Amino acid sequence: MTYRMTFRGTDIPAEPGQSVGAALVAAGIVDWRTTRKEGRPRGLFCGIGVCFDCLITVDGTRAERACLIPAADGMRLGDALETGDALGTGDALGASDDGRDRATHHAEEDGDAAHP
Amino acid sequence: MSTALQGAGPGPTLSRSADLVIVGAGVVGAAAAYFAALAGRRVVVVDRGAIAGGTSSAGEGNLLVSDKEAGPELDLALYSQAVWREDLAEHAGLWEFEAKGGLVVAATEHSVAGLRELSVHQRASGVEVHDVGHSALHEYEPHLSKDLAGAAFYPQDAQVQPMLVVAHLLRLARGLGATVRTGTEVTGFLRSGDRVTGVRSTAGDIPAGAVLNAAGTWAGEVAALAHVAVPVRPRRGFVLVTEPMPPRTVRHKVYAAEYVGDVASSDAALQTSPVVEGTDSGTILIGASRERVGFDRTVSVPAISTLAAKAVALFPMLREVRLMRTYHGFRPYCPDHLPVIGADPRAPGLWHACGHEGAGIGLSAGTGKLIAQALTGGQPDLDLTPFAPDRFTDRTQDAEEAVS
Amino acid sequence: MPHTHDVTVVGAGPAGVAAAVEAAEAGLDVALIDAAAQPGGQYWRHFDEDRARPEDRRGHHGWPVFTGLRDRLYVLRDAGRVHYLPGHQVWLATRDDAGTFTLRVTPTVRDPEPAGPGHGGTGHDGQDPVVARALILCPGGYDRQLPFPGWDLPGAMAAGGVQALLKGHRALAGRRAVVGGTGPFLLPVASGLAHAGAQVAAVVEANATLGWLRDPVGAVSAPGKGVEAAQYAATLARHRIPYRTRTVIRAILGDGRVEAVRTVKVDREGRPAGPEREIAADLVALGWGFTPSLELPLMLGAATRQDVDGSLVVEVDDLQRSSVDGVYVAGEATGVGGAALSVSEGRLSALALAAALGRPRMDPGTNADADRNTEAAGNTDADGTTDGNTSADKSAASGAAADPAGIRRVQARIRRGRRFAAAMHRTYPVPAAWPRSLPDATVVCRCEEVTYGDLRHAHAELGATDARTLKMLARPGMGWCQGRICGYATAGIAAWLDGRRPTADDLLPLSGRTPAVPVRLGELAALAETVTADPAGP
Ligand SMILES: Cc1cc2nc3c(=O)[nH]c(=O)nc-3n(C[C@H](O)[C@H](O)[C@H](O)COP(=O)(O)OP(=O)(O)OC[C@H]3O[C@@H](n4cnc5c(N)ncnc54)[C@H](O)[C@@H]3O)c2cc1C
Ligand SMILES: Cc1cc2nc3c(=O)[nH]c(=O)nc-3n(C[C@H](O)[C@H](O)[C@H](O)COP(=O)(O)OP(=O)(O)OC[C@H]3O[C@@H](n4cnc5c(N)ncnc54)[C@H](O)[C@@H]3O)c2cc1C
Ligand code: FES
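Protein chains in written order, with the working numbering: chain A, 1 to 116; chain B, 1001 to 1404; chain C, 2001 to 2538.
Honestly, I wouldn't trust all of these hints.
Said to hold, decoys possible - Rough simulated footprint, nothing fancy, chain A against chain C, three-plus residues with beta-carbon under 8 Å: (1) 2045 to 2054; (2) 2102 to 2111; (3) 2150 to 2157; (4) 2164 to 2171.
Stated by the list, open to error - Here are a few chain A residues that face chain C, going by a calculated C-beta distance under 7 Å: (5) Thr10; (6) Pro16; (7) Gly17; (8) Val25; (9) Ala26; (10) Ile29; (11) Thr35; (12) Phe45; (13) Gly47; (14) Cys51.
Hints listed in this document are in silico derivations from the structure and should not be mistaken for laboratory results. Every value quoted in this text rests on a predicted model; they were computed, and no experiment measured them. Virtual Cβ for every residue (Gly too), placed ideally from N, Cα, C.
Given these sequences and hints, build the entire structure.
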């Protein structure tokens, strides 16, 4: 038997036991999101759950690793405008805009770093 | 790195003498270097590590007035605000200065009343405060819990990227003739009688007209090398960093009214009040806990889990958001929670600018300018008496030990 | 109060499975946690066991060794002697004053949300911790990467990832592939791709030859490796796959996805030494060796060192003990050296721990069997051949845990394996001058999109002379992967810009990560209820 999933309206077949990411590349789809800053396309890179390049929305749950999620029949993959930080469609987040622009990085650090 | 100079006796002398040696390339040392160099002084900054390698790269970059009760620290914070926005205005973009405003929320009517009372005093000191009622909360922050009673909005609260502040202030100071020597540890002082006439370091002696101790959490150890006591101690804080979220998920610096109480507390036990804020990189920062555990670097489950629980209580949608990283730093604090700024009468030639606790980023600009004014013989814009290095009696220290 | 195991093993790759099986058979009460749904780790990654087909074994070396270990693991699990928790990631490891370790785990793949999509569900918060008196950490590692133009185009993948797709998912990531980087691992990837029906346009190897297999030390250390290499060479020849040595991929070309690679001959230091050539491809598999996962050992404070291959690894003694009392580390995390070495290290750590705890073997009945199988695994090289010591080891089958000679034999095998690994690393170094011709626009940190130019600016203008300061000022390693992919390269660039070789101090700031994997704040918040109440609550 073959599972059927959808990615942005396209039918994606999957062999039971395959990951979502494997099914996508097997179907010739190599990218499914874009980066936050430059809009660069991203798909699988490390293939083993380490790089987080392959993030995808799965049945409305955002930012899952496509290389780890097992394919399932009827799964809905991705959303229309997926970026690294996009939220699932229909989510209340990100829907508002009071017109004030913000452009500030912020201090943050990794205190695990060794220090004398 | 040579360590041959730690013993007594004269070591080799670096060819270039200085008007001012600054010990510590953190945000306070960098600000002092900039303003002293601007005033025409020949400055040498030394740090045993890299630039911004201490607490200045282990905290957040809030420039808060909202969390301070009326008093000398609030005065210094307001003065610093002016320095950030006026003296340093042309460089603001370099360190991503942003006046995003702070929203202090209260869970109960009782704490709303406390907020209102605090704001009366703050307004009298020159702080701008808008009262926010329950119904208006979600216009400020759409994702806030519905269970909160009210808030106060502080438009002056701002932020910077502290590591960029340090790097650029030092770059600007270098442009004004200052020298920055990293990987150079100060191991002692050059003395002439009581007078401090320079430092000895792992890279040789550096004679100087004055030495500024800006060694942050380690300032007590540096002071001890000059045989004076400055009671600066570490107060650990953890910060949580989430996965990247869409812009403006959290719009302001949002924290619970209870935080103000924590800041002023002398309790050694863990205190956590969530200060939640979004960043341009999309991450949401949740910080910071406060506890006195020395320099313990192991991750504290009580600290990070309590931060998470309280952040989720403020913003329920955070429950499903992933934690990507945690980090921690050690705030330099003094028993009375005020920094140490000024000349040390016990060791002429030695100056201090340290002990800024959880506000050193914000207070650095004002501190640097004031120190430069005092060093160049001028009358500082702000009275430095409350920050005097010799204000600590044995009694204040004993009381402090008893609490610890 | 959760049950306290004698030992928790993290990772069910070659090292972890061997450790767990050996420890349980020595009578210890064992927990085994692994992120993957089934045992095997990276080396023995395989398709869903419930849906196995005979051809899934193709390309798997030492498969009987694995199935032997796996069968023993399942027997021990069914007998309640190994608490096996697959599909779970350890995200936090702590050690209390009494020396007890608590590991917090989260499912690798979340069950579908009961409360509907999005948020609001609480059903997953607060997974039970796993508690033990000792740890054997076998977290393995991942492909080591160097940035260059185009390496972030879709269709460019880690070599191990391409292999993982083939072995674990029966999926081929492209039709026409170029495999590039350095090291013997490029060969099984090329051969796997060819077997699966891809055209392999070239294997592009930065270093000189396969000569290390003729290296007397290397060959004696790893008799099976020669056979394995010969098989790969045969596969390459059969499929007419060009093997270009002293050649690197200079750039990957394509509009929105990989279309071609540009290669160039290089000299010993990695400097261009010949004309460029363009090769059409839709898949590029990249690897410069492997680098260990160090988050758990570092979280617990274990000391590290720089290995022969330049990666940061956990420092262990000749009983696999780290600098932290009660924490043993085995496999790739102590230095990259292949699956057979990982198995031996896993075994040794378990034997050493059992000896330290004074545990005699439980049931001598299964003992002989168990020991024989384990020895076979330990002696087996990647192609499944066993070395000449096997019969001697078999005769010593009664209780290796209590038998110092048994421990010594495993130690000797590990020493041989290490010599072999060192010979390999010396033959396949990362070219010292690799950042030399990087264009400024090259993305170094894929997550935060930090370019080489950004790093050069932070160094030249802002005074970032070390990796940590580079990270603070330019944000490499601050994104989703937390520097797993760009950490090694960023350390190398920091050193390169500063005119020196990278050191452990360059690598360390980009290697520690708490939590070890991202975890939902709800799960972290749930722990607050179990720890001391906090006086300042709202
Ligand atoms: C979790 C956390 C959150 C925080 N959040 C904020 C915030 O939002 N807003 C805010 O304003 N503040 C905040 N702070 C506080 C702020 O980070 C500190 O007050 C500030 O960084 C102190 O700066 P400093 O220059 O005094 O010290 P540091 O940055 O620590 O610099 C001192 C330097 O001295 C060097 N040094 C020490 N001894 C020697 C020696 N013998 N020789 C040579 N060099 C030496 C050290 O290497 C170090 O680089 C926070 C702190 C923490 C821990
Ligand atoms: C993607 C990839 C493919 C490879 N393919 C081959 C190959 O085909 N041939 C070859 O010779 N070598 C291959 N290697 C090299 C291989 O890793 C080693 O030879 C061998 O697998 C090392 O064994 P190990 O037990 O040390 O680690 P691994 O096999 O890597 O096993 C480590 C295990 O620990 C788990 N783990 C790590 N961290 C956590 C955590 N925090 N919580 C829970 N579980 C955790 C991992 O998921 C993994 O299952 C590959 C490496 C990689 C990265
Ligand atoms: S491909 Fe790297 S995490 Fe999925």
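These are the hints, each one checked on the structure:
1. Check result for the region 2045 to 2054 of chain C against chain A: holds, 4 residues qualifying (beta carbon to beta carbon below 8 Å, three or more required).
2. With 3 residues having a Cβ less than 8 Å from any Cβ of chain A, the region 2102 to 2111 of chain C passes the three-residue criterion, so the hint holds.
3. Figure legend: the region 2150 to 2157 of chain C, annotated as covered by chain A; annotation consistent (6 residues with Cβ-Cβ distances under 8 Å, at least 3 required).
4. Counting residues of the region 2164 to 2171 of chain C whose CB lies closer than 8 Å to any CB of chain A gives 6, which reaches the minimum of 3, so the coverage claim holds.
5. Because the closest C-beta pair between Thr10(A) and chain C is about 16 Å apart, greater than 7 Å, the hint is violated.
6. The beta carbon of Pro16(A) is positioned within 7 Å of a beta carbon in chain C (closest approach about 6 Å), and the interface hint is therefore held.
7. For Gly17(A), the interface hint holds, the least distance from its beta-carbon to any beta-carbon of chain C being 3 Å, beneath 7 Å.
8. With its C-beta approaching chain C no nearer than about 5 Å, Val25(A) sits inside the 7 Å limit, and its interface hint holds.
9. Interface hint status for Ala26(A): upheld, as the beta-carbon distance to the closest one in chain C is roughly 5 Å, under 7 Å.
10. For Ile29(A), the interface hint is violated, since its Cβ never comes within 7 Å of a Cβ in chain C; the closest pair sits about 9 Å apart.
11. For Thr35(A), the interface hint holds, the least distance from its beta-carbon to any beta-carbon of chain C being 6 Å, beneath 7 Å.
12. Look at Phe45(A): its Cβ gets to within about 6 Å of chain C, closer than 7 Å, so that hint holds up.
13. Checking Gly47(A) against chain C by beta carbon gives a least distance of about 2 Å; that is within 7 Å, so the hint holds.
14. For Cys51(A), the interface hint holds, the least distance from its beta-carbon to any beta-carbon of chain C being 5 Å, beneath 7 Å.
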